[in-house]
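Required output: the full structure, derived from the provided sequences and hints.
Residue-level listing of the chains:
Protein chains: 2
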Amino acid sequence: MAYWAAAEARDWAGFAALLADDVVYELPQSRERILGKERYVQFNVEYPGDWHLTVHMAVGEERHAATWARFVVGGEEQQALTFFELDDDGLIAKVTDFWPEPYEPPPGREHLVERYSARPDSSA
Amino acid sequence: MAYWAAAEARDWAGFAALLADDVVYELPQSRERILGKERYVQFNVEYPGDWHLTVHMAVGEERHAATWARFVVGGEEQQALTFFELDDDGLIAKVTDFWPEPYEPPPGREHLVERYSARPDSSA
Chain A
1 MAYWAAAEAR
11 DWAGFAALLA
21 DDVVYELPQS
31 RERILGKERY
41 VQFNVEYPGD
51 WHLTVHMAVG
61 EERHAATWAR
71 FVVGGEEQQA
81 LTFFELDDDG
91 LIAKVTDFWP
101 EPYEPPPGRE
111 HLVERYSARP
121 DSSA
Chain B
1 MAYWAAAEAR
11 DWAGFAALLA
21 DDVVYELPQS
31 RERILGKERY
41 VQFNVEYPGD
51 WHLTVHMAVG
61 EERHAATWAR
71 FVVGGEEQQA
81 LTFFELDDDG
91 LIAKVTDFWP
101 EPYEPPPGRE
111 HLVERYSARP
121 DSSA
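From first to last, the protein sequence lines are chains A and B. Residue numbers 1 to 124, in the UniProt record's numbering, belong to the letters of the first sequence in order. Residue numbers 1 to 124, in the UniProt record's numbering, belong to the letters of the second sequence in order.
Treat the hints as calculated values from the structure; they're not laboratory data. Hints are all accurate, no fakes.
Not everything, but these chain A residues come out facing chain B in the computed CB check (under 7 Å): (1) Arg39; (2) Leu81; (3) Pro105; (4) Val113.
Owing to the predicted nature of the structure, the values given are computational and were not obtained by experimental measurement. Glycine residues also receive a C-beta, built at the ideal position from the N, C-alpha and C atoms.
This is the structure:
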């Protein structure tokens, strides 16, 4: 997907070219919002750490898309789930990111569930 | 999407009919895995709480799909991000769920970011 390829390459001109001028970026977990292409590109340029990403799954359908990407920063891996909405020109009008954190399993379902220690796609 | 409609309706026969016999369900955050249709349906049947869901976005493309759903249990809302992989028969062979939790914004990006208090789609 061009969006993530540009980000991984730090090709910020190419990244910006995919965005609508009035793109809206939202992080529902922290209730943060960034308005406009200029600020959103800057947010990505300034994002701290030597992060690298790989796209595990990308799904696109007409004006919507979703990706599941893995970010690695300093040996730590984190998953990013991202939902995209496109405008009439095919530019990205809205990006919504989720960054889920690990948690311990709640009790009561041990009779149905096993634990695994490898990467999420190890069963593929 | 038929999967979520069946779950919301507690139509477990309809829900099961969408699944491959050897469906794999994974929760990467807790490294939990459930193997097989029977166990996975049972997991959903037994899931505690009077939960209700609405699908905010669904994207499908060939053998992959992704959804962003909102669950409400006892007045509390939680987002679920779900990725689906289909088999040759169009049955769901793998389901991967993410349940991200709220967090406080990290410092250093206040110059680009605003906070919002409403639902994630309030800007739509």
